[in-house]
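Now that you have both chains on their own, put them together as the hints suggest.
Going line by line, the protein sequences match chains A and B.
For reference, each letter of the first sequence is one residue, going 1 to 259 in the UniProt record's numbering.
For reference, each letter of the second sequence is one residue, going 1 to 266 in the UniProt record's numbering.
I should point out that these hints are in silico values taken from the structure, not numbers from a laboratory.
We put the beta carbon where it would ideally sit given N, CA and C, even for glycine.
Errors might be hidden in some of the hints.
[Stated by the list, open to error] Computed Cβ-Cβ distance ranges for the label pairs, DEER-style:
1) A:Pro6 <-> B:Met171: 29 to 39 Å
2) A:Lys245 <-> B:Ala132: 16 to 26 Å
3) B:Glu185 <-> A:Ser151: 18 to 28 Å
4) B:Met171 <-> A:Ser247: 30 to 40 Å
5) A:Arg168 <-> B:Gly61: 35 to 45 Å
6) A:Pro123 <-> B:Pro70: 49 to 59 Å
7) B:Leu167 <-> A:Pro6: 37 to 47 Å
8) B:Ala118 <-> A:Ser151: 23 to 33 Å
9) B:Pro114 <-> A:Arg168: 26 to 36 Å
10) B:Val20 <-> A:Ile108: 49 to 59 Å
11) A:Arg168 <-> B:Val20: 31 to 41 Å
12) A:Val242 <-> B:Pro32: 51 to 61 Å
13) A:Leu93 <-> B:Pro70: 30 to 40 Å
14) B:Leu167 <-> A:Val65: 51 to 61 Å
Chain residues, written in single-letter form:
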Amino acid sequence: MAEAIPPRLRAVLLPLGLAAALLLGLECLVASGHAPMSIARPTAVAQLIGEEHAMLLQQVVPTVVVAGWGYVLSLLFALGLGFASYAWRRMELSVLTAGAILSSIPIIAIAPILSVWLGLSLPTRVLITCIICVFPLLVAIIQGLKASTHSERELFTVLAASPWQRFRLLALPSALPFVFVGMKVSAPLAVLGALVAEWNGAESGLGVVMLNAMFGLQITRLWASVFIACLLSSLAYAYVCVLEKLSGAQDRPIMHTPT
Amino acid sequence: MTGLSIEQVCKSFAINGQQVPVLDKVSLSLQPGQFGALIGPSGCGKSTLLRMVADILPPSGGRIHIDGAPPEQARREHQIGFVFQEATLLPWRSVLENVQLPLEMLRGSGFKPPRSPAELIKLVGLGGFEHARPAQLSGGMQQRCAIARALVASPKILLLDEPFGALDEVMRYRMNFELLRIRGETQTTALMVTHSIEEAVLMADRIFVFAAKPGRIIDAIDVDIPRPRWMSSMDHPRFAELVERVRHGLFSQMPDLTQYDEVLHG
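The shape of chain B in the complex, shown without the other chains (with noise of 0.2 Å):
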């Protein structure tokens, strides 16, 4: 059995009457607990595709199975978790009653968390702050409330979309060996849309890098640098060959830039 797998999925968007192809043909699949990274440039897709595995979304055709299930079966099960760009913690709830958010949907079904919210608070790093409210937290701290909120039902996924998106470089790559550590102590199957080359290198298993105009995977490339992954990984002679790799995928849908650098240098 796959952690995720997405077969042949397309999506059209009816804008102004006509229908627009968004994404073409899309397939990957991710073993149990691997760490999967979409990028590609603005508008190919990503973040589309993110929506129809969690069930935000329907396909408009193809079929997408998370540990053997259809999404709507998983979502409907709490085997998603979900993390935004923007972290939306609910402004009125304080940081464990936000982590405690998705447990009360839960409530009635007999279900025991494996990590109590207390717990996930301190494994983020927030242990201090279970009463903070989240407009007392920087922006670094509500992703990182919004990631133990996203891990409390111990979900089969977790999506992450652009979740350091938002963040200066410095806290980003905090960040990044954050979930690195925690992803360490819960093997969740992930998938993250990522804009930053050198984020998705260091934390993918698997990076499928898209074009736009339909959106498309041109590229899949499996992420052969050892784990446990730390600061030392980014010196790994592989890192930036793979940096490169990508680099060149996501440069090469842009024929003019090319052509101006041949220009300039032969």
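Excised from the complex, chain A in its bound form (with noise of 0.2 Å):
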């Protein structure tokens, strides 16, 4: 029976019905009456959803804007990080310990602070997103620039390659397939860094309604907007994955050891 359906459907059915027999659960838990307050019967998030759809698009719009900000401008930043630690090898080292220790900063923490110096602003808002995505990225890049194989660069000195040839036809297409795992880990950072941000203090947005709902204790407005902030990070990791199958990059699989 089973074997009947095609894999690739298979690939679909089993987490889209393991997704439908928890919500069926939830919904009969809530409506049995044994569940604790803070659970959202699914029906009525949905309901929600469908009643104030005009509502939450404009409210996800600047949450779109700056975890799409936030995310372009790190990718160009670790990217430029990333080249640079390529033509100066010694930068290598400073610039990961250094994204190390940004990172291991909790951003919840740093986040009022960036505030207060900065202001509520837009920018504030995109170089939080821009602190939660960039290492992720860096280590990619980097990584990535070296993935080249020993007698790959041995080669590139037989045939007198110059530093601009070695780095345009050996050292980027090999660091190609790392940027996509480090664009992927960070798609979804993104929208949480937009999050964030905007808990902080912002006029609009997913995370401002999701705070408010919490305030309220409107538990039916609250599950909405966190599952909105699901679909938007599962959507930003589809885009990219997108992206790498364009590119071509999902057809070389990562199978050298840097060395």
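See the structure below:
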């Protein structure tokens, strides 16, 4: 019976079925009256999203803008630092150490400080998103630019390649699959960064909806905003997967350990 | 002028702060168009010697000349073709794009390859696979592609570092005959590192037998089996004699094994 379903369809049906079973279970639990107050009925959440979709969409836009800007700027920044570390090997350790320290500071702790310094503006929110996004990108790019094999580098020596040719024809294409790994890790983080920035103070956004619902004990609305945040993160991840497919990088598995 | 001359070349590596000699005063020479084979136990510095000829590593002493020029000049002038043990094809490029790679380094120099990449791909027997990716090819096909790439800039010397070492015996013979055929058409001076005695005798005009610790040449053999060589060359009476001479040279470095033979057979 199970063999009759094609494997691609099965790969979709299995997680969907699991999610449906979970939602159905929650629905029954809340309907039976045994669930705590903090659990919302899935059908009520769906109904709320249906009724207030215009308002929610309006609130999602600023969050997407912050996440998008934060993501693109971190990518550009990480690429710049990665290329610089490739050109000047001595920079690499300092860059990675600084990145590790920056990413080990709890974002929740540093966000209010940044807001006090820089004000509750859009750039502050973008900066908070960048801080949370940049490290996985940086590690992936620096690692990727070193991913060519020993004999590939010897080949380029025999071919008398210039440093620019070596970078463009060897280091950059070898780095591409690694860059996509970093981009996939960072895409949901960008949404998280935007939410944290909005919790910290903003006029509008999904994070503000979430915060207001929490303080107003509007459990259904809170769950609706959480659901939308999950949806945004998944879409961001899926978007990077599509980009990866278009680039052709997924044809080359990461098979070499850097030497 | 000689195709390749190596005079008194030494090499030592620093291991844990100590200079360990790897090659000790190695000298050899090849006429233009000749095929040389380096054979010897693992760790005797054959590959290191090949890398010094290719200007990947600097020698610690001695002189190397390729057609009268030092290796660095030959490399900068794109006169060296190198085939690695692993094919080392760029996985994101097609067969054609891989073979074209050396020409991209020559862009703007006005160099016109005497044989186009497409012609060379046909010569190595990969016609029809121009747009295949390396991952879609067998090990033997990948190595053919690497040979085409090494020849595309029509180098003065072709260096081969155990090119067929990772292939099975049957495929290795196949590739030996392919290389004999290709070289019959290109006549490039060549130097090959190998572990196979039969391969050395079948392919080479001169065989250099190495001993290890430190690496040195203990026998230089001129192979007088007539060319063109093909499968029947292996039945030539000189073939077995030369194989035996190389084998004795290699085994002479293993006195422990030779002693055991004496115990067994008097």
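Quick rundown of the hints versus the structure:
1. A:Pro6 <-> B:Met171: 29 to 39 Å: holds, 38 Å
2. A:Lys245 <-> B:Ala132: 16 to 26 Å: holds, 20 Å
3. B:Glu185 <-> A:Ser151: 18 to 28 Å: holds, 27 Å
4. B:Met171 <-> A:Ser247: 30 to 40 Å: Between Met171 (chain B) and Ser247 (chain A), where Cβ atoms are some 35 Å apart, the hint holds.
5. A:Arg168 <-> B:Gly61: 35 to 45 Å: holds, 37 Å
6. A:Pro123 <-> B:Pro70: 49 to 59 Å: holds, 58 Å
7. B:Leu167 <-> A:Pro6: 37 to 47 Å: Cβ of Leu167 (chain B) to Cβ of Pro6 (chain A): about 38 Å, so the range 37 to 47 Å holds.
8. B:Ala118 <-> A:Ser151: 23 to 33 Å: holds, 26 Å
9. B:Pro114 <-> A:Arg168: 26 to 36 Å: holds, 27 Å
10. B:Val20 <-> A:Ile108: 49 to 59 Å: holds, 55 Å
11. A:Arg168 <-> B:Val20: 31 to 41 Å: holds, 38 Å
12. A:Val242 <-> B:Pro32: 51 to 61 Å: holds, 56 Å
13. A:Leu93 <-> B:Pro70: 30 to 40 Å: holds, 36 Å
14. B:Leu167 <-> A:Val65: 51 to 61 Å: holds, 57 Å
The structure is consistent with each of the numbered hints, conforming to all of them.
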